[in-house]
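Produce the complete structure using the sequences and hints provided.
Respectively, the protein sequence lines represent chains A and B. Following our numbering, the residues of the first sequence are numbered contiguously, the last one being 1214. Following our numbering, the residues of the second sequence are numbered contiguously, the last one being 800.
The calculated lysine to aspartate or glutamate pairs, modelled on DMTMM-like cross-linking and capped at a C-alpha distance of 20 Å, are:
no. : chain 1 : residue 1 : chain 2 : residue 2
1   : B       : K773      : A       : E1000
2   : A       : K996      : B       : E779
3   : A       : K1119     : A       : E1156
4   : B       : K788      : A       : E1000
5   : B       : K776      : A       : D1003
None of these hints come from the bench; they were simulated from the model.
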Amino acid sequence: MYVSVKGGEKAINNAHSWLSEIRRGDVNIAELNIKQISEQLTLSVDRVMSEGSLYDKDLSALAIKQSRGDLIEAIFLMRAYRTTLPRIGSSKPIETGKMLCLRRISATFKDIPGKQKLGPTFDYTHRLLDFKLLADGEYEKAKIEKYDDKEIPHVLSFLNKEGLIQKEIPSDKSSKDITRNPINFPLTRSERLQSLSRGDEGFLLGLAYSTQRGYARNHAFVGELRTGYVEVQFEIPELGIEINIADVMFTECESVNQFKGSKKIPAQFTRGYGLVFGQLERKAISMALVDRSMRWREFGEEYLGVAAQDEEFVISHCDNIQATGFLEHIKLPHYVDFQAELDLVRKIREEYKKNEQRT
Amino acid sequence: MKNESRNQWLSYLATADENYLISLWDNLNMKIEYNWLREPEIGSVMVQGKAGVTGDNFNVGEVTITRCSLSLDKKIQGHGYVQGRNKYKSKIAALCDALMQTEKKEIIKRNIIDKLIKYKNNKRNEILSKTEATKVDFFTLVRGEDK
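Below, the structure written as structure tokens:
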């Protein structure tokens, strides 16, 4: 039951003032500017763009500053802004094979055309706090080497040639936009992928981990992981010509999973797919594993009743803005609802007492 | 040069570093008369990916885009579709697009488009050469029993 109640304006205004002051922190310390955030907290910026579902570094940095570094609050701000933008159109599907890679690795094949390139990764760091960063200004410069500017082919295309992996049938089918149409289960894989790509990293990580621990049988290898810039092509409506309208950083993961075969097709590997804005490889890998576990129906696998196979469970709960909206609303005034519950519990207790006295 | 066609110059204008493009334009100090066909507006384009690289299309997320259109006279129109939310960048792109269709083409090409191409190529080279330096060279260790 909802009854509107007035009051609290002064308290709210003063709370906002204090929020503003505490966001600024100690005024003897220089204020953070947006460029410092977008240049030096790049992975936070990437996460807010990915889950905010809007690629714009300056806006993301602003959201992080405004939210005092609370990334879910920042994602909320991005999503809210996103809804105010008129949609000019849809791009052509991106070609990740033409990616300008900063990083490209495969955990399944050692020697691959285009080679393994580590890029700026935390992977082989020792995870020891680096106290040198406490001092100002010291950093190492990236090394450079001569290169061949050749396209880097996808690793799984080699398995494809031998028929050892399930084929992703070439298609130009477009997908319903889940942000503009109501969700009806069962979903298409495209709708699931859109949802996962903007889903919460922590939630997807947990689900992906559950598949690795045995909740849904699909042991995964990282067939390929790549991060880099991709040209987004868009047809200018007035001119009917396609231009490279934006350069966007993506991380893409293709997983190779255990076999599937039938009387007609000999055993072959199956695959999962992850594609996210920014350099977010934990999320891209998680997305690939969860995409794969939800494909059980397509591959004629057994439904084991586990969370990662249940698309209704996964898709309904992976959006952290939906989740936090519902979760956090319970801290807002529910006085009347609670009053009703209180009356009810008192009444039950009275009846209980009466019954006890009778016996 | 390979930027002769309109989609080429529009592409370099769209993805230009906004501060760089603005400084190139401002340095030219050109006074151009124009009429708005569409004043700059900020919007978004939905980026599509492909499931498993080659499969069905899916929506990944949006990217901010600013666009405007203007005309120099009744015949020549310029369109400024650019990445980001900078209205001035969009207007410069539209003006350059229009001027590339006039006798001022050479000035714009030499002082803006060619420089944007060079800027982008330098960025690309920088990334490729740094990536190359992190290439893994595998070697097999000699095992004890083989000695």
